[in-house]
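> In case you want the letters, here they are:
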Amino acid sequence: MSALSEGFGHLVGTYGGWGDNDTGYGDPFHVTGAYVLSPADGRIPDDGGAVVRLAGAFATAGPYTVTLGGKTCRSGVAGRASACFTNTARTTLAFVAPRLAPGDHDLVLEWAGGSETLTAALRTVRRHRASEVYALRRLLPPARRLGARLLDDERLLIGSEELP
Amino acid sequence: MASIGILDGLLKAFGEELTTLHGELSTRLTAPLAAADVVATVESTLDFPDAGVLYLEGERVPYTSRAETSFGGLVRNPLIASAHLAGTEVADGSRSFSQLHRLRGDGLVTRAAGSALDRLGWRHGERRPLAIPDTAYRALLRVLLYLERGLLSSLLRVLDAALLTQSRSGVAGTLLPQPNRLLAALGTFSSQDVGRPLYVGERVYRVREVAADGSSLDLQPGAGVWWCAGNFGDGNDVSYRIPPFRVLELPDTDPGIVLVDLVFSGSSLGPPSYLLGDILPGVPELTPGGWPLGHEILEDELEDGATFLCWYLPGLPDEDLFRTMLEEVVAAGVDVRLNSLLAV
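The listed protein sequences correspond, in order, to chains A and B. Under the numbering used here, read the first sequence as residues 1 to 164, first letter to last. Under the numbering used here, read the second sequence as residues 1 to 344, first letter to last.
Worth flagging that the hints you see were computed from the coordinates, not collected in a lab. Heads up, the beta-carbon is just placed ideally off N, CA and C, and yes, glycines get one too. One should not assume that every hint holds.
List of simulated lysine to any residue pairs, SDA-like, C-alpha gap at most 20 angstroms [as the list claims (entries may be wrong)]: (1) Lys-12/B <-> Leu-37/A; (2) Lys-12/B <-> Ala-40/A; (3) Lys-71/A <-> Ala-50/A.
Stretch by stretch, here's where chain B covers chain A in the computed footprint (C-beta under 8 angstroms, at least three residues) [as the list claims (entries may be wrong)]: (4) 55-61; (5) 141-148.
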């Protein structure tokens, strides 16, 4: 049996207009034209937690394992851990960025049918400060170790190392 | 890498959201800033606007550019500029409208738009009439929600709001000897304009007379409740707007009950003029049992799927009854589709 007909019967021709090795059900081997949809400028904070959306023609609905800067990204969906899935139309894929040191980072998508690497897809920059975070922390007793209660108590973010 | 506790993570997430909603972004200086410096080195400019305003210890500092870790083009006020140490908080002062402000804006007629404007109308029992754009609906709500109801002036404002997009506007000139006369090109005005309100800015006048060649009109300095004497001086820059209707008072009915004479200028809007009495011959009978009279505005070709914008005065029992009354009195063959009922 030809490799082109496995599981889906014999296919006529070797190119169906949707990429090589097309089985008639889309292309499970490639992600076509993937790019960072949001954040639009491709910049994410270094403390993680930013939701990133990729756009493109995705091979399958998932699960995808997304690795950014060598760290596995979480799906952001309860119960799915790091297994990321596309939307129904397979045009966007969302995941949550991990904590990373400032700099450009490669994005690696891995799924059952293959993998794809987007070089320097996202740039991590230092986080901004959110005044309400400190206000909320101050509401809780000092015994709770929640980090700085005042902005002045925060370590100044200089340099490019990843902060603990 | 140190792990983050659940409570810390939740607080951070909530704090970030609250900051987005109504707080202020901030960052910190990573190098001292002298009083004359025009570049501030900071931890991050993430999510700051490309140009805007910063606050440093009470000093307001506009900036014109930003890099990844610096703000450039600082405009320092020599009277208040001072030096700042590294670590000083730098707050974003550019957000004239935070998300919370936008939420508040959605509750204001003047600022709400789209579905927010619909929700505002629903909350006050004033649904958006079909095919009425935001501009007209907003004007309508401003009248319906805030004006005293039942007055002739209120009715005029409602009519004007509902038909705002069909008004005719232009620029006319004036001559000092005849301060109430507006001059324009031949054929600009027509006899259909006589009796119609004419807006100059927020002021409302009434057209008394139109020259036979349509090159001028006289405004009526009457004693009505919604127009006043005009005196535009001598110039060539009077911007006017003429709504597509006249309002005729019925002397033998209660105050606030009017007949509407629609005068459409556009060719697609039907015949040049309709009197409500022509459309509804039984208008006086529309008040059985002392119920107030309803009004209607013709919006489209009467014979081809006519659309009415109707409302009623306070005291009318309910919408269905009004609909029944209206259907009983309209001429046979006329398709009555009540667009909406608006309490005036």
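> Now tell me, hint by hint, if it's right for this structure.
Right, here's what the structure says about each hint:
At most 20 angstroms may separate the alpha-carbon atoms for a hinted pair to count; Lys-12/B and Leu-37/A exceed this at roughly 25 angstroms. A distance of roughly 23 angstroms separates the Cα atoms of Lys-12/B and Ala-40/A; the hinted pair therefore is violated under the 20 angstroms criterion. At roughly 14 angstroms between alpha-carbon atoms, Lys-71/A and Ala-50/A fall within 20 angstroms of each other, so this suggested pair holds. As drawn, the region 55-61 of chain A meets chain B at 0 residues by the rule of a beta-carbon pair under 8 angstroms; below three, the given contact is violated.
Residues of the region 141-148 of chain A lying with their CB closer than 8 angstroms to a CB of chain B number 4, which satisfies the three-residue condition for coverage.
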